[in-house]
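Counted the way this note's numbering counts, the sequence shown spans residues 1 to 276.
Honestly, the hints are just simulated from the structure, not real lab data.
Since the model is a prediction, treat every value here as computed from it, not as a measurement.
Note that beta-carbon positions come from the ideal geometry of N, C-alpha and C, so glycine has one too.
Take these hints with a grain of salt, some might be off.
Unchecked claim - Label-pair distances were calculated between CB atoms; the ranges are: (1) 187 <-> 29: 19 to 27 angstroms; (2) 270 <-> 135: 48 to 56 angstroms; (3) 120 <-> 12: 57 to 65 angstroms; (4) 270 <-> 4: 44 to 52 angstroms; (5) 50 <-> 248: 39 to 47 angstroms.
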Amino acid sequence: MAADPVRIEDPADPRISGFVSIRERDLTGRDGLFIAEGTVVLRMLGQAAARANGFAAEAILLLENRLAGIADLLEAFPPGVPVYVASAAVFDAIAGFNMHRGVLALGRKPAAEAEAGLLGRLPETSLVLAGCGLSNHDNVGSIFRNAAAFGADAVFLDETSCDPLYRKAIRVSVGSVLAVPFARRLPAQAMLHGLADAGFDIWGLSPRGEVLVSAIPAARRIALVLGTEGEGLPQGILASFRTARIPQRPGLDSLNVATASGIALYEIASAMGRIG
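When you get a sec, could you build the whole thing from the sequences and use the hints?
Written out as structure tokens, the structure reads:
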């Protein structure tokens, strides 16, 4: 279990410096650290640390009235992880705004994994998502939540996609970012050709796709490719790989990318027998 709780009376206490001015630090960066927010995400962080997948908790900060209710979650963390508690006034002064959830953890990111390393760990039969230019943290969080729900083995993001370990993305994913393996380093074309070389059938999702998503043929390895919000996938990618579409009524140009990922994953995961 994590260490016995220590009460914080001063928002300037150096022991909780990693939690200070959360929104500002969202923009300026945390040098290899991230913020996990809420009880569900705290549970996922504890599970990730127990799996030794590279994620680790540096410290936990709780609103004093939340401590008793999450004692069981703290059991998942090693004794060396400090737990701090504070009153609402001090807690909000630390965070820089009203943090009604009252549950925060400062986590350490694992070393960035190269695509080749992640590809080498995937099972022979695999379903993955690949994102190109995904810039909205809400959508990225939702995509990871869908990936976890439908049994995707990994998420690959190109170098222009936003960091899935941004606070809001983690929160929207309900901690799934801490459970679904991902890599984010390469340009889009290099990322997709690497997947193709590893035996994946590449399918770009587009309203102008050649076939319906439900008609994607069965394969040992499938990668579903998602494009940036609004513009979708670049023409170069659409021309290089096969494409599929989700049928919809006329009047809208496309679905939200997170919604599209959920529908497509459901279709393919069902066909692959990954969900009941």
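Results for each hint:
Between residue 187 and residue 29, the C-beta spacing of about 22 angstroms keeps the proposed range 19 to 27 angstroms intact. A C-beta distance of roughly 30 angstroms is found between residue 270 and residue 135, which places it outside the suggested range of 48 to 56 angstroms. Remark: the range hint 57 to 65 angstroms for residue 120 to residue 12 is contradicted by a beta-carbon distance near 46 angstroms. The beta-carbon spacing between residue 270 and residue 4, approximately 48 angstroms, falls within the hinted interval of 44 to 52 angstroms.
A hinted range of 39 to 47 angstroms for the beta carbons of residue 50 and residue 248 is consistent with their spacing of about 42 angstroms.
When the structure is compared with the earlier hints, violations turn up for hints 2, 3 and for no others.
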